[in-house]
Amino acid sequence: MAFDYEKYIRPGKLPHIWCPGCGHGIVMKGMIRAMDTLGLEKNNTAIVSGIGCASRLPGYIDCCTLHTAHGRAAAFATGVKLAKPEMTVILVGGDGDGTAIGGNHFIHACRRNIDMTYIIMNNYIYGMTGGQFSPTTPHMHKASTTPYGNPDPSFDIAKLAIGAGATFVARGTAFHANQIDKLIVEAIQHKGFSVVEILDDCPTTYGRRNKFKSVIEMMNRLKEVAVPVKAAEKMTPEQLAGKVLTGILYKEDKPEYCSEYQKVIERAGGAAR
Amino acid sequence: MENKLPTIEINERYCKGCHICVEFCPKQVLEMKGFVVAVKNLEACIKCMQCELRCPDFAIKVIP
Ligand SMILES: Cc1ncc(C[n+]2csc(CCOP(=O)(O)OP(=O)(O)O)c2C)c(N)n1
Ligand code: SF4
Ligand code: SF4
Ligand code: SF4
Ligand SMILES: [Mg+2]
Numbered sequence: 000m001a002f003d004y005e006k007y008i009r010p011g012k013l014p015h016i017w018c019p020g021c022g023h024g025i026v027m028k029g030m031i032r033a034m035d036t037l038g039l040e041k042n043n044t045a046i047v048s049g050i051g052c053a054s055r056l057p058g059y060i061d062c063c064t065l066h067t068a069h070g071r072a073a074a075f076a077t078g079v080k081l082a083k084p085e086m087t088v089i090l091v092g093g094d095g096d097g098t099a100i101g102g103n104h105f106i107h108a109c110r111r112n113i114d115m116t117y118i119i120m121n122n123y124i125y126g127m128t129g130g131q132f133s134p135t136t137p138h139m140h141k142a143s144t145t146p147y148g149n150p151d152p153s154f155d156i157a158k159l160a161i162g163a164g165a166t167f168v169a170r171g172t173a174f175h176a177n178q179i180d181k182l183i184v185e186a187i188q189h190k191g192f193s194v195v196e197i198l199d200d201c202p203t204t205y206g207r208r209n210k211f212k213s214v215i216e217m218m219n220r221l222k223e224v225a226v227p228v229k230a231a232e233k234m235t236p237e238q239l240a241g242k243v244l245t246g247i248l249y250k251e252d253k254p255e256y257c258s259e260y261q262k263v264i265e266r267a268g269g270a271a272r
Numbered sequence: 000m001e002n003k004l005p006t007i008e009i010n011e012r013y014c015k016g017c018h019i020c021v022e023f024c025p026k027q028v029l030e031m032k033g034f035v036v037a038v039k040n041l042e043a044c045i046k047c048m049q050c051e052l053r054c055p056d057f058a059i060k061v062i063p
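Respectively, the protein sequence lines represent chains A and B.
Everything in the first sequence is counted per numbering that gives the first Met the number 0, starting at 0 for the first residue and increasing by one.
Everything in the second sequence is counted per numbering that gives the first Met the number 0, starting at 0 for the first residue and increasing by one.
Rather than coming from a laboratory, the hints here were simulated on the basis of the structure.
Honestly, I wouldn't trust all of these hints.
For each label pair, taking beta carbons as the anchor points, the in silico distance ranges come out as [what the hints assert, rightly or not]:
hint : chain 1 : residue 1 : chain 2 : residue 2 : range
1    : B       : R12       : A       : S258      : 46 to 56 Å
2    : A       : E223      : B       : K26       : 17 to 27 Å
3    : A       : A68       : B       : C47       : 26 to 36 Å
4    : A       : A1        : B       : E42       : 14 to 24 Å
5    : B       : C47       : A       : D252      : 52 to 62 Å
6    : A       : T128      : B       : E42       : 38 to 48 Å
7    : A       : K222      : B       : K46       : 20 to 30 Å
All C-beta atoms, glycine included, are put in the ideal place defined by N, C-alpha and C.
For reference, chain A alone in the conformation it holds in the complex (with noise of 0.2 Å):
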């Protein structure tokens, strides 16, 4: 059947700014998708995002949300749910928002493992500005500002996520769309901070200066270096060269911030919620 996604959109705003073949709409589709599956009211359910391209999203869901500063989602959607912790709270924005400017406040809301998701769109790029390199931009892939190649090395998102303390990591591309919706569902039911990255495209400031001739090609790519965790688990290191995960990388169970932050509360004699 197809599927009502208009019934989760603001009326009237579409069509949305993204360039043709971007991949931020279909992971918006995708977390649609989800928040029907999970069946989420629109009065209970916060998305919050910092600025560039990504960050563009909340503007589009009729729901509550937030669009904050560069890189400050993270802060933002902190005190959202530490004020209402019965709401669902999404973060969602880029690779460059999320692990460049908002590093720091990224891996502190891993290390509080407080109850939100947080939707990181990595297409390697600061795509709003005009295609600077970011903390994921690959070893030697070009850049406005890295012409002759980017000498740095590039964050694995997923690793540092876990690293920091985030107890549900999950990894998708733009291209397997089908799978969005399921990795957000989980992470959203799981309780702690979830991080989804989803390995998406920007045709326009990545791919023409990287050699991509389409955003079909870019499709392709990301079919092919995606490997599901369960299938790698059978290959070689040689066989997984250059390849990336995908599926539910972490798991974990550990205690959350906002029922921690409660124990203190009454401690000190506050009142019990």
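Based on the hints, put chain B with the ligands in the right spot on chain A.
Same frame as chain A, now just chain B with the ligands:
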């Protein structure tokens, strides 16, 4: 009932002509007409919904 043809709705105002649906349709049902997508061969459609799933722009709907 099984042979009923689907309806493919294309919103020409939303379509940005990215080719994704054309390329990933397993049955070559779709084609580009200028800057937007059009149905070329509805009879071949197997209602797999891949086009609707992958379109980044909410521009194509398949009603089986
Ligand atoms: C404090 C501040 N510094 C810099 C900028 C400029 N700026 C806007 S978006 C952006 C990068 C966005 O990249 P990313 O988060 O990867 O999102 P994308 O556009 O690639 O989806 C930058 C540097 C800003 N808006 N505010
Ligand atoms: S510049 Fe890149 S990230 Fe921004 S909308 Fe265009 S394709 Fe998407
Ligand atoms: S439903 Fe499947 S077969 Fe039919 S047009 Fe879409 S992608 Fe092609
Ligand atoms: S995928 Fe969507 S936007 Fe792209 S050509 Fe097809 S209908 Fe148009
Ligand atoms: Mg980016």
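Checked hints:
1. B:R12 - A:S258: 46 to 56 Å: 47 Å, holds
2. A:E223 - B:K26: 17 to 27 Å: 23 Å, holds
3. A:A68 - B:C47: 26 to 36 Å: 42 Å, violated
4. A:A1 - B:E42: 14 to 24 Å: The hinted range 14 to 24 Å holds for A:A1 and B:E42, with Cβ atoms some 19 Å apart.
5. B:C47 - A:D252: 52 to 62 Å: 38 Å, violated
6. A:T128 - B:E42: 38 to 48 Å: 47 Å, holds
7. A:K222 - B:K46: 20 to 30 Å: 22 Å, holds
Checked against the numbered hints given earlier, this structure breaks hints 3 and 5; the rest are met.
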